[in-house]
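*Asks:* Based on the hints, put chains S and A in the right spot on chain R.
Order-wise, the sequence lines are chains R, S and A.
Heads up, the first sequence is in the numbering used here, so the first residue is 3 and it goes up one at a time.
Heads up, the second sequence is in the numbering used here, so the first residue is 12 and it goes up one at a time.
Heads up, the third sequence is in the numbering used here, so the first residue is 1323 and it goes up one at a time.
Keep in mind the hints are simulated off the structure, nothing from the lab.
Any given hint could be a false lead.
Under 10 Å between C-beta atoms, here's a sample of chain S residues computed to sit facing chain A [claimed, not checked]:
| hint | residue |
| --- | --- |
| 1 | L40 |
| 2 | G63 |
| 3 | L65 |
| 4 | V75 |
| 5 | T77 |
| 6 | V84 |
| 7 | G88 |
| 8 | R93 |
| 9 | K125 |
| 10 | D141 |
| 11 | T157 |
| 12 | I161 |
| 13 | C170 |
Beta carbons are placed, not taken as given, at the ideal position from N, Cα and C, and that holds for glycine.
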Amino acid sequence: MDRKKPFAQSTSRAPISQRKQEINKAGKDALGEMVNVIVNDIEVRVPKGTTILEAAKSVNVKIPTLCQHDDLCLAGVCRVCVVEVEEELALQASCSYPISRPITVKTYSPKVRRARHNIIQLLLRNHYGECYSCARNNNCELQSLAKEYGVTSYKFGHIESPKYEKDESSYAVVRDMNKCVLCRRCVRTCIDLQEVGVLEAINRGAKTKIETYLDKPLNDVVCINCGQCINRCPTGALKAKDPAQDVWDAIDNPKKHVIIQTAPSPRAAIGEEFGLPAGTSVTKKLNTALKRVGFDKVFDTNFTADLTVMEEGTELLLRLKKALVDKDKDVKLPQFTSCSPGWVKYIEHFYPDKLDYVSTCKSPQQMFGAVVKTWYAKRNNIEPKDIVSVSLMPCSAKKFECERPEMSDSGFKDVDYALTTREVANMIKECGIDLPNLPDSSFDDPLGIGSGAALIFGTTGGVMEAAIRTAYEIVTGEEVPFKKLRIMPVRGTEGIRTAELPIRKTVKEWQFLEGVTLKVMIGHGTANAKKIMDMLCKGELSDYHFIEIMACPGGCLGGGGQPIPTSPAIREARAKAIYAEDEGLPYRKSHDNPIIKQIYKEFLTDGPCGHLSHKLLHTSYTPRGKWIGKKNK
Amino acid sequence: MEKECATKKIIIRNGKEIFVCDETRSQLLPILQGVQAKKGYISDKDMQKIAGELGIHPVEVYSVITFYSFLTVEKKGKHMIRISNCISGEIAGSEKIVKEFEKVLKIKVGETTKDKKITLEGTSCIGMCDEAPAIMVDDRLIGKVTPKMINKIIKELKCG
Amino acid sequence: MRIERYGPVVFSEIEPYAGLKQALRLGKKGILNTVKESNLRGRGGAGFPTGLKWSFAAETDLERKYVVCNADEGEPGTFKDRVLLTEYTCLVFEGMIIGALAIGAEKGFLYLRGEYRSFLSLFEKELKRMRKDGVLGKNIMGKKGFNFDIDIKLGSGAYVCGEETALIESMEGQRGEPRNRPPFPVNTGYNGWPTIVNNVETFITVVHIIKKGADWFKKIGTKKSAGSKVLSISGDCKKPGVYEVAFGVSIKDILKIAGAANTKAVQVGGASGICVPASEFNRKLAYEDLSTGGSVIVFNEKRKMLDVAENFLKFFGEESCGQCTPCREGIPVLLEGIKLLKKGECTKNYLKDLFSLAETMQLASKCGLGQSSSKALVSIVNNFTKEYTLSKSKRKEKKFDG
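Only chain R is shown next, with the shape it has when bound in the complex (with noise of 0.2 Å):
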C-alpha cells in the first residue's frame, strides 16, 4: 500500500507525533515490514505503521471519519471514527492509531455504535442553523453522518438560537461559527497547509472557538482570501461571499449587457457538482448553459491568458535584457508571476518589501475586465457603463481581487461580480438545465478564443510552461524541444519544484540569452510560497529567473472556489483533464492566438508592456505588512 504524505508534511504546528506516525524507534527495523490484521473478521496484511482506517479501507470496509482530511495532518478530535481493538479498553480514534502488532478490530460492534450514535448527537446538539438555509444543504458531512446513523430526534437537544454573530467582513469568506464542529481542519489548513495562520482555537472546554486574532473581522487581519478553509471546512460554517443575486439583477435588467468570462478549472471541475466524476471537462456544454442562463457573451479568460504571457514574457525578457546587456544592479531577478490574487495578499503581507520581484501584470480576471470596458465596448458600439463584467473562477480570492481600488482602469470597475464554480453551479441548476446533456457550443467572438497554454493556467506548473512555450519560440525561434509541447520537468504535484533550460542558437535580437540556462521554479500553496520567499530573503535564489507560485494547493483548480471535496486524487484528475484539453485545441501557444495578434495590431498598439498595456494590462501592489491593527489591508 503507497502511503502518500501528506500535503503538509513539515509545518511549524503540528505536534511532532502527529506530521507522521512514527512507530516504536525499537522496531525502525521493522519498518516495511507487513502485519496481520484483523477488520471485521476479514483479514488483511498491511505494512506497520498503516492506519486502522487506511488498513479498513483497503478492503473496503468504511468508517466514518469527520476531522481527517487527506491533505491535513492527523488531528483525531471528532472521534467519530472510533473502533474497537481487541485488548485496548478504550475505543481508539483509526485515523490516527498505527499499527504496529496483529490486532482484531471492529468497527460496528454494539459500543462503537452507540458510541457513534452519541458523538452524532453532541455534535448536532450546538450546531445552530437549518440544513434547508444552509449553503452546504445536500453538501454537509455532518448531514451525511446525521442521515447514516439515522438521527431523527435529538437525543440531548438543540441549541435554540445563534451563540456567535456572522462574520461578513471579508470579501471572500464568511465565517458563521454557529455551524462549526470544531474539527480543526480550518485551522491545520490555515496555519499548517498554508502557513498564512488565521484561524485557531481559542478558550477551552465547551467555550472553545475558532477565531482569528483578537476575534477581529477577517477582513482586519492577514487573510489572503484563498479560501482553502472553505473546501475543506465539514458543514457551513465557512462558505464564499455570493453575488449571485446581484448578477441575477443584472442579467434580468434588460438595460444591461451581461457578459461573463470562465476559466480554465471550473471547466475541468464543475461537472463535479452535477454528478459527474472529478475530471470531467464540460467546456462546451458550460458554454451552452452559461448562454441559457441569459448572460449576454459567454467569453473565454483564455484570452486574457494568452494577454498574460505575452505581457509577463516580455516583461521578464525586458528584466533580462536590463540584467545582462545594461548590467543592472538593481533589476528583480527572479521574476515572479502575479496572478494569484492569494498569492498577491500573501506577499503583500509577509514579504512587502519584495514586491518589486513580482510581476506588474495583472491576472488574467483583470484584464479581461479592462479590455472587456475598453476595446470590446469600443468595437462593439456598447457603452462601458451598461456593461456588467462577471468572472467564472475557481478561486475566492478573486472576489477580494475585483474590489481593490485599483482594479479601475478602464475607468469603470473592471470586473464587477467574481463568481465560484460552486456559484454558478447553483445558478445553472435553479435554471433547471441539465448540465451532462447540453449540445456543445463555442465561446462568444471576439474574446473567445484561447490557447492551450492559456489553458493549462489552471494547473500548478501551467503559467510557467505556457510562458516557456511562447518566451523560448520568440528568442530562437524554435518550438520548445518537447514532444507534443509537454514541458514535464515543470509539471508535477511536488510542492517546489525546479528545472531548467538552456538557450541556445538564440535569434539575433535576442543574442544576449546565447548560452543561458534559463532557471525556473514552480510553487503551489503558500506554504511553499514561504519557503521560497525565505530562499529569496537569504539570497539562495539569485541564479534563479523566472518563479510561479500558485497560492492554492494543486494551482487554481484546487481554489477556494472550487466543489467541495477536495482531496489529492481530486485536484490529479482535474489537472489530467486540463492537459488532455490542451492537447485537443488548434492554438497551443499563445503568441499563435490570432485574437492576440489583432488585438496588438489594432488597440495596444505599442505592443506588449508598451504604454496603453501599462495603463490597461499593469497593476501596482499594496505594502501591507503582517502587523495586524494599523494599516494592513
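*Replies:* Okay, now just chains S and A, sitting in the frame of chain R:
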C-alpha cells in the same frame, strides 16, 4: 519584556529519517509567564512582537494565552485573589469566604475593583484541601481562611 | 505538622544520595531490572508500570532523551505532591537523576503547576545546592560522561496539563491538548524525543527501591500492588493531611486514621475517581480494587451527593481542553442532567440516555480527563438513589439554549 529565545534548529539523522527539531516554540510559555508577571497581562503589541520573534503567527500566541487560566489578554487588577472552588473548600465553607470578599470589595467574582487594584476570581483546586477553605493571593497560597482574615488581606493589598 | 502519618516507603529513612550512589553501582541495566522487579506502578493515578515505561525509553535508539517530573497535581483533593516537593525536594530530584541514568537522558524538567509558583525559589535553591554537591551537572558523582541537569517549567492554570502528553504539549509552548497515543512519549515525547513522565511520588519511591531493593519493596502492600501510597485526605475528617499507607488498607481503616465519623461516602481518586458508599467501606486501596493518585475526600451524612457530583462536573467543564467531542460536548449535557435530577425532572429514560453518554465518554474520549469525567456522576447516581427521585413524566426535556 523578558526574552529567552533560543533560535536553534537542529537537524538529526535517524537512520534514513531526518526530522527537524525546533525549540523556539518551547520558549513561548516562559516568555508569556514573564510578561504576565511584569505587566499583569499580555497586550496586543506584546503578542505580535512575541509572535514575530518566535516565528509563529499572532493568532497562535492568542490561542495559547486564552487556553491557560493564569494568562490574560485583558488587563486585570494589580492583585489577583483566587478562591478555590474545590469540594473540600465547599465543605469547609468557601461560599462564606466568597460572599465576604464580594461584600468587602463591593464586586462580584470575575470582576475588578474600581480602583483597578484587585480582581476577584474563582479557580479550581489549588492543592490546599487540608487547609480549606484556601485562596491564592497573587502567588501566595493562604489556607484556613476565615471571614475575619479577609479584611486584613485586602488592607495589605491596597497598601502595597 | 502536615504529614500526619509516616509510612513504610516514601517517608522511611534514607541517607542523602544513597539511592543515587547505589544506582551508579547498578548501572543502566541494573536500575531497569530493579525497577521492573519491584512491580512499581506510577503513583500519579494512571498506574502504568514504571519499569516498563523506563525500558521502552531506554531501548529507543535516539541521541536525546528527557526526564520529566509531573508536579502538576490538580486533581481535587490532592495536595500530597505539594508536601512531598517542599519537604523532600532533594529526593524528587535524586529520583530524576536515577531515571536519567537509566534511560540515558541529559536534561530533565520539573513541570510545576502555576499555583505552586511561590515554591519556585525553594526548588531553585535546592537545585543550586545539588549542583554544588556534584550530583547535577557534568560528570555526576565522578562518573565520566554522566551529565544531567534539571530546569523548572511552570504551568499556567490548566488541570489537563497533568496528563502526560498534554504536559509535553504545554512544555513545547502549545495549548495543553493531549496527543494521539500511540505513539507514546517514551518514543516520541518532548519535541519528538523519547521522554519519561513520572509523578513526584514515583521518583521518590524509586530512590528507596534502588537503595533498599525490589524484594524489600514487594514485601509491602499486596501481591498485585506493591509498596505504599501517599494519600491526601481531606473533607469531613478531624485530621486532614498527608498519610502514607501500604497498599491493601481498607477505606474503613483510612477513615479511622483520619478521624472521620458518620461518613456517608468517600471519593477515592478525586473528581476522576469513584464515590464509595458506606456499604463498600471494606474495599481496599489497591490498583486491583480502588485505585487513586492519592486523593481521598470524606463526606459525612450532611452532604448532598448530587451537589458533590455537580461540583466535580463543573470542575471538568472548566478544565476540559475542548479538543474532542465526547468530553467537550458531553460534560455540559451531564451537568444539565444533574440539574434535572436535583429538580426531580429527570425521567428514567433520560437517565438511561445520560448513562449511555457516560459510557461513550469513558470509551471514546481522547484522554484520561474525558474518560474519567463521568465516573463520579455514574457512581453517585448508582449508589445514592435515595437522594433523588426520577420524574414520572413521559415527555423528555429537549429544549436547550446556548
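*Asks:* Look at each hint and say if it fits the structure.
*Replies:* Hints versus structure:
no.	hint	result
1	L40	5 Å, holds
2	G63	15 Å, violated
3	L65	8 Å, holds
4	V75	6 Å, holds
5	T77	9 Å, holds
6	V84	13 Å, violated
7	G88	17 Å, violated
8	R93	8 Å, holds
9	K125	26 Å, violated
10	D141	4 Å, holds
11	T157	16 Å, violated
12	I161	20 Å, violated
13	C170	20 Å, violated
This entry does not satisfy hints 2, 6, 7, 9, 11, 12 and 13, going by the numbered hints stated previously.
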